[in-house]
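A.B. asks: Grab the two chains, each in its own frame, and use the hints to assemble them into the complex.
The listed protein sequences correspond, in order, to chains H and L. So that you can map any letter, position 292 of the first sequence is 292 in this note's numbering, and since no number is skipped, the others follow by simple counting. So that you can map any letter, position 33 of the second sequence is 33 in this note's numbering, and since no number is skipped, the others follow by simple counting.
Treat the hints as calculated values from the structure; they're not laboratory data. Any given hint could turn out to be false.
Stated by the list, open to error - Chain H regions said to be covered by chain L (calculated; three or more residues, Cβ under 8 Å):
| hint | region |
| --- | --- |
| 1 | 40–53 |
| 2 | 101–113 |
| 3 | 293–302 |
Claimed, not checked - Examples of chain L residues lying across from chain H (beta carbon under 7 Å, computed):
| hint | residue |
| --- | --- |
| 4 | L11 |
| 5 | L28 |
| 6 | P43 |
| 7 | I46 |
| 8 | L77 |
| 9 | Y92 |
| 10 | L97 |
| 11 | I122 |
| 12 | N205 |
| 13 | L226 |
| 14 | F233 |
| 15 | S235 |
| 16 | D236 |
| 17 | P237 |
| 18 | I251 |
Said to hold, decoys possible - Residues from chain H shown here face chain L by an in silico Cβ test under 7 Å; the list is partial:
| hint | residue |
| --- | --- |
| 19 | V70 |
| 20 | V74 |
| 21 | A124 |
| 22 | S133 |
| 23 | N142 |
| 24 | T146 |
| 25 | V191 |
| 26 | A213 |
| 27 | P215 |
| 28 | A284 |
No residue lacks a Cβ here, since even glycine has one placed at the ideal position from N, Cα and C.
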Amino acid sequence: MTTTTTITPSRAGQARGGADRTHDRWWAPWLFLAPALLIVAVFVLFPFVNTLALSVTDATLLKPGQFIGVDNFVRLAGDERFRTAMVNSMLYVVCVVPVMIAAPLALAALVNGTTRILGFFRTAYYLPVVMSSVIVGLIWTNLLDTRGLINQLLGWLGVINEPIGFLSDRWLTLISAMVVTVWTGLGYYMVIYLAAMANIDRSLYEAAAMDGAGPFRQFRHVTVPGVRATSALIGLFSSVSAFRVFGEVYVLTGGTGGTGGQNITVTMLIQQEGTGLQAQTGYAGAISMVMFVLLGGLLAAQLWFQNRGGDK
Amino acid sequence: MTRAQRAGRYLVLTGFFLLLAGPLLWQLSLSVKGPGDDLYAQPPQIIPSDPTLDNYTGVLDRVPVLSYVWNSGLVALIVVGGNVAGATLAGYALARLRFRFRGLVTGLFVVALLVPIEAIIIAQFLLVRSTGLADTLLGVALPTAVGALNVLLMRNAFQSIPNELEEAARIDGAGVWQRFRHICAPQVRGVMTVVAVFSFVGAWNDFLWPLIVLSGEENYTLTLGLNRLRGTFVSDPRLIAAGTIIALVPILAVFALLQRYFFRGLQAGGIKG
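Isolated chain L (complex conformation) (with noise of 0.2 Å):
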């Protein structure tokens, strides 16, 4: 690569990275911007000249937001316990365990990937709300708290195990329970967290669902609870603001953590929605 060539690439790296990251930045400085700020001035003012903190404790008086970062909390939580948990056990039987139906189980999944959650949401609604489960946040959960597309993943990744590791510890009298729980299953932990990752992000994130799902105020996740800023907020950018950057917080932790496991997830396991 030229010297030339080689400038041009971080030029071209620099201006995506602008793109993506300015909104954020712009984000940020809009929450810290005090009333002495003009907030439509020309040219804009990137860095506040009345630099503040009263719009986070403002939009935290104002609304329950850490209400709705518990709520959202708990939907995860059940989420992404039923998902490691379920399509763990689930893609062990699938992928080691013969039994009459296998195929015929594996397929029911298959064809559960192939309905896009928008084309039965409603159903799902009327079964809910027939259930007693409409405006819980159990609801909320209960829909997502196994994806198909986990046991599938889960399935392929017990399928790599070596046949010779669980015979060993067949002949040695493992029944098949001690053989998941000791041999197989930490066989596959990076692919469990890959799950437990992605389904804590779609639970976290979901909006559709809860939108549906959810009336009352107390039990708004915070996807609800942000979409409701900007009715309240209309007319101050500053708060909402401020709402998103608090929202930010507790996802971008997660990322930083875990970072190795949202790219080995999409590496390994294809495609995720």
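Bound conformation, chain H alone (with noise of 0.2 Å):
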């Protein structure tokens, strides 16, 4: 493949295989490669191999650090903070990912049609996904506030006497950003559904019909088996997804992670420990390390699925 023979016309039209074809520069492939490379070689690869070797240093911003060998991930082990950021960020998934699995799915049986007023509703679903963290955190902050729409409907419903603390208080704190999360994702693995079920064959559903099952038993022994590839990999998607959680709890929490730091998560640890003029960039290295440990497996396991499962 190194011949350099210019662009010429081949002769005789017979051009087949390798043996007679006009052959192209060997450099042409490279420089059709070389934007894209470039950023990704220089923005992500060397990064991954620099957060490496900070992981194993004391760096700063400021200075560049000596070699401590596997001291920051000792020094992780013992860390309240990384423990309270590691438990909010398993909860997370632990919570979120049935409900991204379920309930899109549910949500895709319901308006999966030709209908005009299908049509409308599948876009309203997915209306949610197109907008920013920023934006769903700053709506539902509103909502939630202690004089938000929520506390003053249960107020006035006499549910409540005292406003919820929905932004305050740990554990609800938590629980309401993973409502965001879900409210905005909801839309999103739904259409990922309605392709799939596009998929499955008509006639599983009209001979279902012939055994005489309705629209539940239909979609329990139909769809449901027919989707379980993409419910896998919703699971392992959303998994990813809801352990990098960062914007909506930022925005949610102010961008403080709560009262003590008590909702902050991996990301926002990440983001607090490597920025800012104190940034201790070794120690951030090494959570970033065991980020990347937990997930880089998931995101194998997610590739893996997907390149086995069409996709062609």
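C.D. replies: Set out below in structure tokens:
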């Protein structure tokens, strides 16, 4: 493949295979690749190697730091903030993922159809997906505030006497953020389920209907098994994105991560430790490596899954 | 489906609609409530009794929202341009040109996919800072100017073009650039649009990276500016509401215009972060 023949019209018309066809200059592919390769190598692969290197030093923003072996990781093990962040991010995965697998599927089954009104519902459900976590966070802050709509409604209905501290109580804040995440993500996974449902053989539904199965049993015995691979993929994908949560929690807690950092997530911890003038970039690098180890495997599984099931 | 089942279906659909659209409608309502409205009335009032657009002018006067929009637009422009051009070029080479190390290069893009952005963001910041791009819009845009995922999406798209098409052009003497430009690229316009749409949304909505890179307020992108709204108008939800509605208009316009590409992107490209 190192021939440098110039681009000449090949004779005879029957150029088949490699023998007689025009050769491109050997460097042509590299010109095509250059911009992408440059950006990805410089801004993804190099920082990754650098993060690995940082994680074993005591570097700060202002000094490069010395090699300290696994000291950062030992320190992590005893760090209260790190433990809180891990608990919060893990809880996020445990609570959000099952909802993200189940609810969008039900929603997809309900909006699946060709009528205009169903198309309208599909579009409406998808809308929150295109909104940034900051906007969504602000909208929900107005709803969840002690004087917000939800407390107003509950007070008016006489359910509560005192406003509920949705954004101050440790667990309620976390749950509120999860609700916001689900609210934003439902439409996204719904569309993915719709695509998977389009591939289910119609005759299965007809056969089920013939056997007297109503819509619920058709859903349970045809739709659910028919999208099983997609469910698994969504499980992997939403696990990764739930663990990475940042914007919703950041905005709902006003950027602080809650009183005493009680609602901090792993991404927030990386941001807090690794930026600012007091940044401990080495220590932040160690937290980053933990995150990579936890998520890299899930991302790899997702990729493998995607290549195996369709996507041709 | 029986009548009762049909009714039940639309009832649930409407319920979800209220759950998803309700918060937006409440925000819209807040944004046009005037000083004569009791924000905390019981029962809550969705229709303002003293409607006004003052909140909008108020936000625009006190916070440079339009400059935030401009900055976000610039970042999005670089990211969309970079991704469409860079990913299309690289995708073509990976799918249709034969060269040494092709497998290795493809592997590099796959490896890049496996790295969660949060796990390298501090090192990215150190890099951007050392090149003097900290606190610049170019610094915000560059790291996502070509996404590995988009490269692989374009590669898949180019792979699905039948060989005969390009082979015929090759026999006629078309060079690699001509084959790319006139034969192959026109076949994958749909996927290019998908890449453009998702790059735009990603750049427009990104929060963590601009938060880390930008410090000067004159460079704030829209998400950073909005985040500041909360601190500035903490006592007046009406102004926050007006600010978020202004911020929503551009992205909703893009969504309305290019809706089918949003859906097609998820369906064709599989899951995209």
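A.B. asks: Flag every earlier hint the structure violates by its number, smallest first.
C.D. replies: Of the numbered hints given earlier, those the structure breaks are 4, 5, 7, 8, 14, 15, 16, 19, 20, 24 and 26, listed in rising order.
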